[in-house]
Amino acid sequence: MVWTLSTAVNDLVYIIDGSWSVGHSDFKKAKSWLVNITSGFDISSHYSQVAVVQYSDTPRLEIPLGKHHSGPDLIQAIEGISYLGGNTQTGRAIKFAVDHVFPSSQRASTVKNRIAVVVTDGKSQDDVVDASVEAQAQGVIVFAVGVGTEITTSELVSIANKPAGTYVLYAEDYANIDRIRDSMEQRLCEESVCPTRIPVASRDEKGFELMLGMKIHQKAKKIQGSLVSEAAFSLTTSTDITENTREIFPEGLPPSYVFVATVRLKGSAKRDKFDLLRILSKDGVTQAAVTLNGVDKSVTFTTTSTTNEEQLVTFNVQGIGSLFDEGWHQLKLLVWPRQVTGFLDDEQIQEVALLEPVEPIYINGKTQVAKKFGAETTVPVEIQKLRLYCDPHQSERETACEIYSVSVTDFSVYLSQCPLDREPTVEEVECDCANGSSGPPGLPGPMVQYSITHSGVTLSHTHTVSQNPHSLCPSLHLILSVSVCFLGFV
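Residue -8 is where the sequence shown starts when you use our numbering, and the numbers rise one by one after that.
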């Protein structure tokens, strides 16, 4: 069973500021914040191991890596850390973690991620740049959490990995540090669950490029997409898009994510009920799915539940029906732990609550694309994009510019994400239509005279040319016939 970052193989080291500027009361709040974040981990020798370093003038190893093999034991140890006091030597603490704490791991060769979270409320009294550069050179992912107004942005940026928007977090003060708990959990999850990156505009986003992962580009026929610049793939009933889930989502699904699909439903696909994407357990139970229902023009999102095998939310308002009109459309689902928001071509369709907390998923089953609901038959559908982004805020950046009919109201967004020369695909429209009635006669054209002279004798013919060029044919036939007779007679 896999649940977000809980069973990821991580070595995580918290590097916590214990200098005079923090104080006893705020240090206690910082420890509570660590406890809240750590409660989401499966602490064991097989999964996550956590160490804690407190620093002031010198770093002090409070909890070694691998010492505690259960969540309750680790939490009790964190709560028992006593406040140190002293000056702020952040660079020295980072170097200590890189040189001594991470190398002490008993599973250095098998650990998937080495992550350091530096929490500080003041400007360091030593250099942080060299220590941070060395940490990143050793493959350590560094997050920087700044608390209060004394910390400088430039120092946090120097400490953390890039981009700063991902690896730097701020809290107004220790009383409000719990407000960034969800953000910190999400970032740690992205690092643990979503190691791959999807190239998007000027940056790479963590997530899953399902067109590649599911081998759609290898198994389906390549066709023209929604724009001249876009390619798509056409699935037929003989195309089987099925892969082992552990190959697609090796650490499961993150707690929040964005599912994006650009598709065209033609023919039977617009009338069928099928799973555009589904993740099944080993015994065939649906753990997650996006189901398109052409019968009642709806979209259903399926996920797990703590009380039942599954829970469903359905989008069936009027706007979703356009998805089934045989044109290209972008469907986007923004999934949070307790709600799902649906979008079609950049327009928000509906926001629906999840009534139950979501359970982990098993990764020992299979993941499939475009399968008839409750069956193994592939539904013929055209797919241009199929992605799952780990950062829920990617929903704001992922415009539907690939749909030509979409107009972007924010011009700065248009310039940054949409080609200025978007050119729609010219479709060959097959017309099975009855012949209409004949139109009115055309206007009279100019007078044209044909003449042939032979042996001093001239044969002439005058003809009015209509707008139909074929009207010349009878007259030409006449003049040529007469000419032959005339010449033969002579």
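Just so you know, these hints were derived from the structure itself, not from any lab.
Source: prediction; values computed, not measured.
Glycine included, C-beta positions come from ideal geometry on N, C-alpha and C.
Treat each hint with caution, since some may be false.
[To be verified] With a cut-off of at most 27 Å between alpha-carbon atoms, the simulated DSS-like pairs for lysine-lysine come out as follows:
| # | residue 1 | residue 2 |
| --- | --- | --- |
| 1 | K257 | K376 |
| 2 | K212 | K103 |
| 3 | K103 | K58 |
[Said to hold, decoys possible] What follows is a list of derived Cβ distance ranges for each label pair:
| # | residue 1 | residue 2 | range |
| --- | --- | --- | --- |
| 4 | R172 | E387 | 28 to 34 Å |
| 5 | A166 | V276 | 40 to 46 Å |
| 6 | S259 | L434 | 53 to 59 Å |
| 7 | W327 | S225 | 31 to 37 Å |
| 8 | D48 | T298 | 37 to 43 Å |
| 9 | W327 | Q209 | 32 to 38 Å |
| 10 | A366 | S225 | 19 to 25 Å |
| 11 | S95 | P154 | 27 to 33 Å |
| 12 | E238 | V276 | 45 to 51 Å |
| 13 | R237 | D90 | 31 to 37 Å |
- In ascending order, which of the hints set out earlier in this document are inconsistent with the structure? 2, 4, 6, 8 and 12
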